[in-house]
Amino acid sequence: MIAIDLLSDITNSLPSLAAGMVTSLKITAIAVVFGIVWGAILAVMRLSSFRPFALFAQGYVMLLRSIPLIMVLLWFFLMVPQLIQNLFGVSPRTDIRLVSAMVAFSLFEAAYYSEIIRAGIQAVSRGQMSAANALGMPYLMAMRLIVLPQALRATVPALLTQGIVLFQDTSLVYVIGLADFFRSAKNIADRDGNTVEMILFAGSVYLIISLLASAGVQFLQRGGRYVKVG
Amino acid sequence: MFKNYSWDWGVFLQPVSTGEPTNYLGWLLAGFYNTVVLALSASLIAFAVGVVMGVLRTTPNRWLAALGTTYVGIFRNIPVIVQLFAWYFVLPELLPTSMGTWFKQLPASTQMMTSAVLCLGLYMGARVCELIRSGIETLPKGQRSAALALGLTLPQAYRYVLLPVAFRVAIPPLTSEMINVFKNSAVASTIGLLELSAQAQQLVDYTAHPYESFAAATAVYISINVIVVLIMRQVEVSVHLPGYIGGKS
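Protein sequence lines correspond, in order, to chains A and B. By our numbering, the letter at position 43 of the first sequence is numbered 1203, and the numbering carries on one by one without gaps. By our numbering, the letter at position 222 of the second sequence is numbered 226, and the numbering carries on one by one without gaps.
Certain hints may be false.
Unchecked claim - Partial selection, computed: residues in chain B whose CB lies under 8 angstroms from chain A:
no. : residue
1   : R66
2   : F93
3   : A153
4   : V191
5   : Q206
6   : Y210
7   : P214
Hint data in this document are derived by calculation from the structure and do not stem from the laboratory. All C-beta atoms in this analysis are idealised placements derived from N, C-alpha and C, irrespective of residue type, glycine included.
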């Protein structure tokens, strides 16, 4: 009977659950893309022979990796509205929770992505950079065209796995009251008084998505080889 | 950006407006205390569970190994906040009525702390499990065989041969997990446990000085980080085996 009740509860609230899931996925997608781009820049800076760049990247990564994600979210929820207001003159009452969350996750995850990419760059053999330089490519061009593509390809499984962790972490936007999938489930639970069912349901959805995604990553790692370089 | 913001670091020394005999710094310290209690208790559970599950995953018995794999699969693939809500809101409803009622009659802070410790402990246990497992798997296969050939039982082989080295191999990644348990403890603020990040949020409401409050809490988290790294480095040096990688002594 519980199962049937739950099923009807869920079908009734499907639109808001689906909207919540879209929000969760949006944050994940934005943070994966910008996190990898900014993370790659940080990794290159970290390995640069120009000391201020290296120190900045090292400090950035160390700082963001030592603070709880919840604190980072709260910080950005505090700062982003004022920044937006100052930069674009938007009314502070505009709902900026989604934007804050996207900015916070992108900047936060970049710290983790940069460490993965840095390991990837260091695993590319030194000869690649030397050969590119010998062919007349300047450092940044060689990095962009020769080293980074190989480094990123080698780290694809680790980057994707981090993406799954990130997807789970988006549930923490709860603290800034953003209606992602989990928050929507909890709101329905509070409204309909079916906390037990909704939390177990939300947990199962995350479990299934994450397990399927991990299986996909493993499949990529085993069978779906990329075109070999060189 | 801060042109209209009036900084006041003295705010921490003002007495709290609820009439409690403390100041806002006292609230932060109380939060810090809860964070430490929560993280340390959870890390004990995580270590115990992680070792048991990590060993199970490497045993020759298929069923025991599958048990370990299932544990890790479940606890690592559900967001920690969902797990926390399950422990705090769902479990008391599913327990036998008398136990559920008993739990709900405990002081609220005890309920929150118990749920948070169990949740974080078992969540982090899955991660520790993977570290212990890979620690055991990096050992040459010959170690296990030699131990068994010498007449040690399988439990003895783990106790005297495999685990002592696996623990040492796992110390650097365990250090990051130790830091993670402190960072993840912030999630307990979502069920109302007044740990460090929750106190910082409460300070925002009471003092209207969000930047100072968040900066203070952030600084404490960074200090915790540094302290954990220093302690674990000391541990690593003091248990170092001669002849193994990372040999500093």
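Hint by hint, here is what the structure shows:
The closest approach between the C-beta of B:R66 and any C-beta of chain A is roughly 20 angstroms, which is over the 8 angstroms cut-off, so the hint fails. For the restraint placing B:F93 at the interface with chain A, the shortest Cβ-Cβ distance is roughly 5 angstroms, inside the 8 angstroms limit, so the hint holds. The criterion of a C-beta within 8 angstroms of any C-beta in chain A is not met by B:A153, whose closest approach is roughly 34 angstroms, and the hint is violated. Among the interface hints, the one on B:V191 holds; its C-beta lies about 6 angstroms from the nearest C-beta in chain A, closer than the 8 angstroms criterion.
Hint on B:Q206 is violated. Least Cβ distance to chain A is approximately 12 angstroms, over the 8 angstroms limit. Taken as an interface hint, B:Y210 does not check out: its beta carbon lies about 15 angstroms from the nearest beta carbon of chain A, beyond 8 angstroms. The interface hint given for B:P214 holds, since its Cβ lies 5 angstroms from the closest Cβ of chain A, which is under the 8 angstroms cut-off.
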